[in-house]
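Colleague: Quick note, the sequences are listed as chains A and B, same order.
Using the working numbering, you'd call the opening residue of the first sequence number 1 and step up by one each time.
Using the working numbering, you'd call the opening residue of the second sequence number 182 and step up by one each time.
Derived by calculation from the structure, the hints in this document are not laboratory data.
For glycine and all other residues, C-beta sits at the position ideal for the given N, C-alpha and C.
Where hints are given, some of them may not hold.
[Claimed, not checked] Listed next, the stretches of chain A that the computed footprint assigns to chain B, with coverage defined by at least 3 CB atoms under 8 Å from CB atoms of chain B: (1) 111-122; (2) 162-168; (3) 171-179.
[Said to hold, decoys possible] Far from chain A by the CB rule (all over 10 Å, computed), these chain B residues: (4) GLY196; (5) LYS197; (6) ASP242; (7) HIS251; (8) PRO254; (9) ILE271; (10) ASP328; (11) SER368; (12) THR373; (13) ALA375; (14) TYR405; (15) SER406.
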Amino acid sequence: MTRPAVELTIALTAVLVLTGVYVALAQDGIPRPGGAVGLTLGIVGFALMLAAQTLYTRRKQTRRFAFGPTYVWLQMHVVVGIVGPYLVLLHSAGRFHGLAGVTALLTIVLVLSGFVGRYLYTETPRTLEGDESRPTQAVAVAATRRLLALWRLFHIPLAAVLFTLAFLHIIGALYYGTFSK
Amino acid sequence: MMGGFMQRRTHLSLGKLTALATLTVVGGVAVLTGQQMFSPGPLSIARRAGGPLGGVASHGDLSSNCAACHAPPWSRETMASRCQTCHTDIATQINDGLSLHGRIANAGECRTCHTEHRGTHAELTRFDEFDHDWTNFPLTGQHRGVDCGSCHTNKVYKGTSHDCASCHAEPQVHRGQFGLRCASCHSTESWTGAVFAHRFPLNHGGGGKKNKACSMCHTTANDYSTYTCYECHRHDPTKTAEKHLKKGIAEIRNCTECHPTGRKASRRQATADDLRWTFLLACRSQCHAWDADEGEGQ
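In isolation and in its complexed conformation, chain A is listed as follows (with noise of 0.2 Å):
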């Protein structure tokens, strides 16, 4: 059964509301990339898209100190895992040049291969219970599982190239954009 999708109610809403204020603040222009709100926005989505993917990939490497359900702390990959790239795309203020472009690209890319992901977990059945049992389910449901270990091949390489671009961009940003005087 197909739990109800309240993560993407959680961050629709959160989505709209940043966008409200970011139309307030974008009276003036679409605020510059360097600016103090596009750098806020940059930082605050790239933190967001860290902890997304950090907490999530802990929680389930970890056995001993479990804190919370798996499944929450996967609602919560959802909701920042769409919340931090939105902020990202917007401190791009529509600019996909260089490393910068690239990076927020993948991001975008990233996040759509998240929907898909997600789709194919709520499809498979958590236990060996059920239907399952029945020969023609059982087979639907290892090409499931099957489908999803393939995408887990694509997006955690994604997010790996993604986040290294990240780092990078940080690191030219703060030489050329701020170090150097």
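Mind docking chain B on chain A? Use the hints.
Modeller: Below, chain B without anything else, positioned relative to chain A:
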């Protein structure tokens, strides 16, 4: 259990491997392109009006040479000093303290006003930080609210004429009589309320005659090049002509030529004493709606 452990190890390794591969690729590209990938946007390709500097025609020529402008944090040089290494004329201005850049308090911080990486055709100057008082033409009065493009057409700022006539057409009411030294009568606060010296003494006939309306003498609407004295002086034109003719004066159309003070004095030129009656006439609504009852200074 073991399968899950192996799966986690695989993902972790895959992530790290991907990150390392990404670093390698990005590092290679950075070396090959001169860190151009870190550029937040294209540089301007606007060519310098005075010709190339050091073989560089536009900032766009430096796209693959970030270090041309960006000094390393550990260097004694700054981005501004590197600007002035090429733009020596601006460095001279800053040092002389007299011209545009010399009047700017933080002229050494070039990027406060001049920004880059905003596109190939983007403006290089941010005018929201610009104070026109730094120029030889401080903006006062109504000029403060005027759009830059009103005076600086085609975004050319250097060499803009300071003459009022370069922006303001001479109104018809002037009829070409008042010249182009607008500031002698007008201020930048308003075109109306012009203050000018009426060369012909308006109180030449005594206190009771002063402060007459413009239309008293300038009877033709919006034409101050012509006047008549007959509105006040109840001369008969025919008799006046005969009287002057007896004295050998045939041409009497321009009364003030011979009567510069408005007095009965016979042919003579105006003297400084005559002109002492000249007074400042406050003229409302470009002179022709002036009301005698409102008196001077309105």
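Colleague: Going through the numbered hints above, which ones does this structure break? Give me the numbers in ascending order.
Modeller: Of the numbered hints given earlier, those the structure breaks are 1, 4, 5, 7 and 8, listed in rising order.
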